[in-house]
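Student: The sequence shown: position 65 = 66 (our numbering), numbered continuously.
Please keep in mind that the hints were generated in silico from the structure rather than gathered at the bench.
All the given hints hold, so there is nothing to weed out.
Within a straight-line C-alpha distance of at most 25 angstroms, the following computed SDA-like cross-link-like pairs (lysine to any residue) qualify:
| # | residue 1 | residue 2 |
| --- | --- | --- |
| 1 | K271 | E27 |
| 2 | K76 | L312 |
| 3 | K248 | E210 |
Label-pair ranges, simulated between beta-carbon atoms:
| # | residue 1 | residue 2 | range |
| --- | --- | --- | --- |
| 4 | Y44 | E302 | 21 to 29 angstroms |
| 5 | D117 | K151 | 55 to 63 angstroms |
| 6 | L156 | E191 | 47 to 55 angstroms |
| 7 | R249 | E144 | 18 to 26 angstroms |
| 8 | H216 | E92 | 43 to 51 angstroms |
| 9 | T118 | G283 | 16 to 24 angstroms |
| 10 | E144 | E314 | 34 to 42 angstroms |
| 11 | Q234 | P29 | 26 to 34 angstroms |
| 12 | G245 | L282 | 48 to 56 angstroms |
| 13 | R247 | G82 | 51 to 59 angstroms |
| 14 | Q234 | E286 | 46 to 54 angstroms |
| 15 | P84 | M284 | 23 to 31 angstroms |
Note that this is a predicted model, so its numbers are computed, not measured.
For every residue, glycine included, the Cβ atom is placed at its ideal position computed from N, Cα and C.
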Amino acid sequence: MEKQPNIILLVMDSVRVTNLSCYGYERPTTPNIDALARQGTLYEQAISVGCWTLPVHASLFTGLYPLSHGVTVSKDALPEGFPTLGRRLREVGYQTACFSNNAYISSATGLDQGFDTVEDVWRVTHPRGTERTQMSKRIKRLEQRGAWTKPLVALLRRGMRVRSFLKHRRSQKDSGARLTNEKIQSWLRESRRPDAPFFLFVNYMECHERYSPPHPYDRRFMPARFSPWRVAQVSPNKNEILAGSRKRRTDDLEIMRALYDGALSYLDEKIAELVRSLETLGMLEDTVVIVTSDHGDSLGEHDHLGHRMALYEQLVHVPLVIR
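When you get a sec, could you build the whole thing from the sequences and use the hints?
Tutor: Written as structure tokens, this is what we have:
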């Protein structure tokens, strides 16, 4: 009987196909994924079944469209005992493990079914940025109480920008890829069964909004005219960006694209790091590596930012490379 290969499925959350250099993008964002594509197969027309994480991952794990598996809104969960990719592979002898930076891939949604090991990396990394969102909502509620709140609202918003600037300047952390790789490497060395092939599922959140790649990737594609202070001025409110003056909006979108590309470039390097680990451990030639995305992101096209709420090309056309 032919030996079954190991399988690693890497999902780059929110990565759109147009920003990878192996798909013709003008910036050299993904030299390492480009190399994997040259060694394997690059698929040009991989189309996602949706525009946000939960239903797409449920489809990825079940092979069903969202209307068939029924996991379509945030409160939904995959029923217990549902046939999944992890469960099927485990039934035929695979050791299975999930490393998730996204809370939607967890026991809360039933998407942990079929995995022997589940590493909820998101419990450490996902809180990143939630405080700012909550503060923005509080400021908005305060502003709605009347004109007398304007001076205080202006002061609070300025404080948020200063905090964002300071955080931007000292940013040395990432959105979980470093910790995820450390956990995967530890699992490969200490928990992997030598008598069984393995299936690893990994969700990386580096390219999920808000885009905040660690230094120096935050400046890798940033036009020199945009100082760190100007970068920190980009509003966390999508509507404010889209409603800005033509000059302000154009600059904000250019900054966002540069940060997005920087995050993608950083993630490309972390994927290369993982591949090198497989090679060092003598596992690479026995392993199928799949690199894809759950959905893309809009960066101003069609007057839209982020994902959900639309099914434009930028949101559903995703990369797919198999080595």
